[in-house]
Structure formats: C-alpha cells, structure tokens
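Turn these sequences into a full structure, and let the hints guide you.
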Amino acid sequence: MDESVIQSKIEEIKVLAEKENINISKELDDLKAKYAPSSEDTWEKVQLARSIDRPNTLDYINLICDDFVELHGDRYFGDDPAMIGGIGTIDGQAVTFIGHQRGHNMKENIERNYGWAYPEGYRKALRLAEQAEKFHRPVVTFIDTAGAYPGVSAEERGIGQAIAVNLKKFSVLKTPIISFIIGEGGSGGALGIGVSDKIYMLENSIYSVISPEGFASILLRDAERAKEAAEIMKVTAQDVDEFGIVHGIIPEVPGGAQIDPAFTAEEIKKTILKDLKNLMNKTPNQLIRYRSKKIREIGHVNENNDKVQDLFSIFGKVFGRS
Numbered sequence: 002m003d004e005s006v007i008q009s010k011i012e013e014i015k016v017l018a019e020k021e022n023i024n025i026s027k028e029l030d031d032l033k034a035k036y037a038p039s040s041e042d043t044w045e046k047v048q049l050a051r052s053i054d055r056p057n058t059l060d061y062i063n064l065i066c067d068d069f070v071e072l073h074g075d076r077y078f079g080d081d082p083a084m085i086g087g088i089g090t091i092d093g094q095a096v097t098f099i100g101h102q103r104g105h106n107m108k109e110n111i112e113r114n115y116g117w118a119y120p121e122g123y124r125k126a127l128r129l130a131e132q133a134e135k136f137h138r139p140v141v142t143f144i145d146t147a148g149a150y151p152g153v154s155a156e157e158r159g160i161g162q163a164i165a166v167n168l169k170k171f172s173v174l175k176t177p178i179i180s181f182i183i184g185e186g187g188s189g190g191a192l193g194i195g196v197s198d199k200i201y202m203l204e205n206s207i208y209s210v211i212s213p214e215g216f217a218s219i220l221l222r223d224a225e226r227a228k229e230a231a232e233i234m235k236v237t238a239q240d241v242d243e244f245g246i247v248h249g250i251i252p253e254v255p256g257g258a259q260i261d262p263a264f265t266a267e268e269i270k271k272t273i274l275k276d277l278k279n280l281m282n283k284t285p286n287q288l289i290r291y292r293s294k295k296i297r298e299i300g301h302v303n304e305n306n307d308k309v310q311d312l313f314s315i316f317g318k319v320f321g322r323s
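For the sequence shown, position 147 matches number 148 in our numbering, and the numbering has no gaps at all.
Hints are computed from structural coordinates only; laboratory data are not their basis.
Some clues are possibly wrong.
So the derived label-pair ranges between C-beta atoms look like this [what the hints assert, rightly or not]:
#1 175 / 274: 19 to 25 Å
#2 90 / 112: 25 to 31 Å
#3 219 / 243: 24 to 30 Å
#4 219 / 153: 17 to 23 Å
#5 73 / 168: 20 to 26 Å
#6 274 / 24: 41 to 47 Å
#7 131 / 52: 30 to 36 Å
#8 22 / 222: 45 to 51 Å
Calculated lysine-lysine pairs in the DSSO-like style (CA-CA distance at most 27 Å, straight line) [claimed, not checked]:
#9 108 / 135
#10 175 / 283
#11 278 / 175
Glycine included, every Cβ here is placed at the ideal spot set by N, Cα and C.
As structure tokens, then:
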C-alpha cells in the first residue's frame, strides 16, 4: 500500500479514537514507527525528484493548457532557457506560467543549464509576473531546480540581488499566485519564484535549503552520508506538508509522475481551477495580507510540536557524534 495512504489511514484511526474517547496513543505510535519512511524510502524520493524522465515545466503546461505562447527575455541582459514563461489558457481562463525548465537528455540539459537559472531568468520571471498583475491574470509557477546557477558569471550579473528583488516583489504582487514543486525545490533558486498564495508539492518532489550531498559534506563532514542527510533534513513532500509549509500534496501514480504524466497534470489542473475560483474573488489587499501571513508562519517554530522535538533530538544525536 502507498505510504501516503497508510499515513492517511493512521490519521483516520486517530480521529475516530478521539471521537470515541479511546486512548490508543501507544498503538498509534507503534503503527507510525512501523510505517515511518526509512532513509532508503527518502532517498528513493530524492532520486525520483531528480529523474531525467520526470515531466518538466513545458510538459505540464502543454498537458494543462488549451494553448500556450512562450515569452522571452528580461529586457536587461537576455533570455535564460533555464527559466521559461508565457501565457496560456485553462478552461478559458488566461494564466501566466513561469517555471524552471530541465531537459530529458544530455543535449537538452546543456541547453537548459540543468534548470540552474541565471539572474536574467529571475528578472524575466518578475517581468512576466508584473505583466500578469497589470492585466489581472493569475500566475502559476513550476519549481524544479537544485538551485540558482552558482557560477562566477551569475554572481557578476547579480544573482543574489535578482532573487532578493523577486522575494520582495512577489510578496506584494496584486494578483493570485499558485506554485507547484514538481521535482527539486532547492534553496534560493526555488524561492525566487516560490512566494505564493498557495504552494503544493508533487508526491515525489523534495524541498530543502541545501542538497542532501551539501548537507552531508558541510554538517556531517562526509559526503557519503547523503542518504542519512536526506532523512535528517525532512525533504519529502510528506515531511514538508506535516510542517505546514505547503498547502497540500499532488498525487502521482505508483513509480512516479513519469509513468503517467497526464494523470498528474490533470490533478494539477484541478487544483489550479479550484484555487482560482476562491483567489480571483479576493481583493489585492486580501491577497497580500494572506500571503504575508503564510510567509511569516513558515518561519514559526512550535517547540511543543512532536515533529519539531524529534528533529531537535535527531540533530542533537548527529552533532554529538560528528
């Protein structure tokens, strides 16, 4: 049985027990321990999130949209193939789409820089988002990157400044923004187009401030401990959802979205239409207030939360022996 289904059933049992005033906390703890994802399960999700066969941004846009016109350039330096954007329609609703673009083979990945966007990519994203605001179009972003490009050329052109400006501008954009993490959600590269009213993760996607390999090298002092690092970091959609960082998880078929991209695309489309029905009725001030509240809540730590206590315990053990 799928892990998410098992966890859902455990939650159903918990709710039923509380309703009937039955104390089965020990039994529930045993069940959670039995079916908790192992480091191998977590690493499998990391590998799935990075799979070259996994549907990319343009794959989903072409499956979701009735039509799509791609727009290019940041009007400052040039165009960035690692960040795509344009206008499409979903059931008659015009939408501005923005997303990291990876390839399905070596040639495409070289052309797309493996989804590592340059400053001009983030400035293009902002240009299109502000254009959407001007014409009262909602924005949908697809996040799939290990991070912004870390090379000298990106630093020379102001990658940090480009992402910082996006964080500021997206947080006060006067039009609905919905984001989907479809593969890797890595560091500031993900946040650069990830400040949204609603944010979702695909079932086999990951979201983190640093790669497991980077975490293992820096904090565990051993790059070979990447699998262990991934488990400690709580990078999976299920972990991130439990922390309340995202609004939900988009299901995939067993084996990953690459097995049946149309199924996952349809789930994304349904989520977009459902959320737009609500968000399009809100005033700009309401959108900005809600978005700001959500951003602040992401940084809030409830130390009494069991998950947080477990995380503190894990970090204590790790750094105690490293």
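Here's how the hints hold up against the structure:
1. 175 / 274: 19 to 25 Å: holds (21 Å)
2. 90 / 112: 25 to 31 Å: holds (27 Å)
3. 219 / 243: 24 to 30 Å: Since the Cβ atoms of residue 219 and residue 243 sit about 25 Å apart, the hinted range of 24 to 30 Å holds.
4. 219 / 153: 17 to 23 Å: holds (21 Å)
5. 73 / 168: 20 to 26 Å: With Cβ atoms ~23 Å apart, the hint holds.
6. 274 / 24: 41 to 47 Å: holds (42 Å)
7. 131 / 52: 30 to 36 Å: holds (34 Å)
8. 22 / 222: 45 to 51 Å: holds (49 Å)
9. 108 / 135: violated (37 Å)
10. 175 / 283: holds (10 Å)
11. 278 / 175: holds (16 Å)
In terms of the numbered hints stated before, the structure departs from hint 9 and from no other.
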